[in-house]
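Chemist: Respectively, the protein sequence lines represent chains A and B.
Numbering (my numbering) for the first sequence: 18 to 449.
Numbering (my numbering) for the second sequence: 1022 to 1359.
Keep in mind that the hints were calculated from the coordinates and are not lab data.
Treat the hints with care, since some could be wrong.
Keeping only pairs whose Cα atoms sit at most 20 Å apart, straight-line, the calculated DMTMM-like set for lysine to aspartate or glutamate is [what the hints assert, rightly or not]:
1. A:K122 x B:E1098
2. A:K122 x B:D1163
3. B:K1152 x B:D1163
4. B:K1134 x B:D1258
5. A:K122 x B:E1074
6. B:K1242 x B:E1282
Since the structure is predicted, the reported quantities are computational estimates derived from the model, not experimental observations.
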Amino acid sequence: MSDTHEHSVAFVRTTEIPQQTAPSSAAGPVKWMRDNLFATWPNALLTVAAFYVIYLVLSATLPWILGGLWTTSSLSECREVLQGRSAACFSVLTERWNQLLFGFKYPAELYWRPTLAFLLMFIALAPVLFFDLPRKLLIITGLFPFAAYWLIWGGTVWIPVFALVGFVAGYFVYARFVAQNFAAGFFGGIVAAAVVWYIGGFAVAALAPATPFLEAVPSRDLGGFMLNMMLGLTCVSLSIPLGIALALGRQSSMPLIKWICVIFIEFIRGVPLITLLFVASVMLSYFFPPDQTVDLFVRVVIMITLFSAAYIAEVIRGGLAALPKGQYEAADSLGLDYAQSMRLIILPQALKISIPGIVNIAVGLFKDTTLVSVISMFDMVGMIRGPILASTDWNGVYWELFGFAALLFFVVCYGISQYSQWLERRLATDHR
Amino acid sequence: MKKSIILGALTIAGLSAGAAAAGTLDDVKARGTLNCGVSTGLAGFSAPDANGEWMGFDVAVCRAVAAAVLGDATAVEFVPTTGKTRFTALSSGEIDMLSRNTTWTFSRDTDLKFDFAGVNYYDGQGFLAPKALGVSSAKDLDGATVCIQTGTTTELNLADFFRANNISYEPVPIETNAEAIQQYLAGACDVYTTDASGLASSRATFETPGDHVLLPEIISKEPLGPLVRHGDNDWADIVRWTLNALIAAEELGVSSTNVSEMAASTNNPEVARLLGAEGDLGAMIGLDAEWAKRAIEAQGNYGEVFAKNIGEETPIGLARGLNAQWTDGGLLYAPPFR
């Protein structure tokens, strides 16, 4: 066997051929381009056409952006410097930067307060968004709304303190009684909080110093992107719990609760948001005397919250309907009562299914906050459409301002959407 | 805070009738600030500057009233209103007066229950068209698309004009002046129509103002002026005569620079009555003797306000035209201070 071939062939290679690099057409960027860009004739044509369109867009916009001016003091000065050349006049952003972010009436020396609140927001949101973080951080989240209120509006510190004490008292009463009876805990908590707030109202009046540590800023003076952020964050965080309650209420077997929820949801969904905003700003002022009216910011928050809560309720109802009936029956067979079965079994699954829908509504809601500009609140778009474009210096600057607004909104909305995709992957427990 | 809101809502709702009946003057004095409705932004007439200070021709009326009533031209809370929210803001009592390039019309004065305190700017509706369109008269605009702000008298005037001339047009409804200008420049409409003053000031901001013409037709009378709620005549008197004081001051040669010295040493009895050196005109409207002096000191007389905000020296560049004193061939004619 061993010498079968000894004389049948002239040459037998005894060493391995050194490894060769792949031919240039089968590896590297050339192969990638052949596979992805020029695989067939139609593909190649489309690629060339697409590159041409990209070239056209970039060759028009890049010189416009890169050649932009940042330091002039008015549009006419921009035009003088440019001498007919086409380039952006970004000076409007540098000159009106603070107005775009904070509105035109927030006192300039107090800008650090909303900025600090903005930074605290990240710390407060972190434990809610990323649940691998230590749970102790949730204390900061709980304190954040009161701290942010105090920072942004200023005034006496006792208002947020008593509001917080009311919530804490309500929680302790709830925790004390909920073990025996959910309703007793729930309504007991509300009563306790209301009592504390009622007493707190007198206490604040007595305790408030004449010149508070932080100067008070009225709601009318808020504006700019700050107002969008505040409305967006407040309304999203209020409307999710309300939406869950409405969705559960709509599935309730108690007819009164069920019909209240159905009518509420269907009414709100049948009315455009802008109508509700007009009601908030215009109609409600007929019902209140001129000097004793609910703050416009609160009115708008209530209307946007109710609006998005109705939509979130429908999304969550979809999540509840998607759960197999077996899950409900399993919860019953374990002997859990309604509150326990919802909290431990049904809602965690239903909410997970509903994440994309809820995020969709949150993003939409955040963008809808620009609608407040039509009821003469100066959010970012209101600032642009009103005061900035009406000033004699900047009348006629559109692309730069609206482009900047679009960029800010894109950053926030893209962030929200990326987070939700991460959350979906993180929560995926099924076997795909 | 929540508690006080809810309690406020419930308890005060019942008292609203009583509160509304009280005099506006007393409310303003008790509050210490004047709530004045202005436009959310109209170049030259009302717009906040880079420091957030409201400036402009309409704003000056608010400041003059505040100076007369409260003695402080800065004690004004400016409430920005849009074309749609302005009248509800006034009739609901959210603002004490509205000074927002609002046209004095029959139905607004009567049916909407307002009182116009006078006219601070005589305007008229015109058309702005690109030269390239090649029209020389508004009557050539048959079939044109027209940018028009919704909720204004200009919308109605436009319909009247085209119907009267038996020609057709296609309206492009738009919310604000800034948007309208952009649509017009982008070619979304052939012509833009609004008050001629607005057209002139907008054209001044164009990159090439020479490419656009104001058509010769002025199709409406637009007397713009401050207004107050119907029924509180004492308050209406104060606003009316503050405006008249500014106009009369120009006629009598009283300006912000010489008002103090005129008050001390004038020989003209009407100036003496106006500035409170003689007679007691202030007491008749529930103010002190120097009310008009303060109003003039704050912003200057009508001519100074005009020149500073919208006059030919400013980027807006409006000529006095109809808004000159009657002695100069204009329409401004303040009744005598006697």
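Chemist: Could you run down the list of hints and mark each one as holding or not?
Modeler: Consistency of the hints with the structure:
1. A:K122 x B:E1098: At roughly 11 Å apart (the allowed maximum being 20 Å), E1098 of chain B and K122 of chain A satisfy the hint.
2. A:K122 x B:D1163: violated (46 Å)
3. B:K1152 x B:D1163: holds (17 Å)
4. B:K1134 x B:D1258: holds (16 Å)
5. A:K122 x B:E1074: holds (8 Å)
6. B:K1242 x B:E1282: violated (39 Å)
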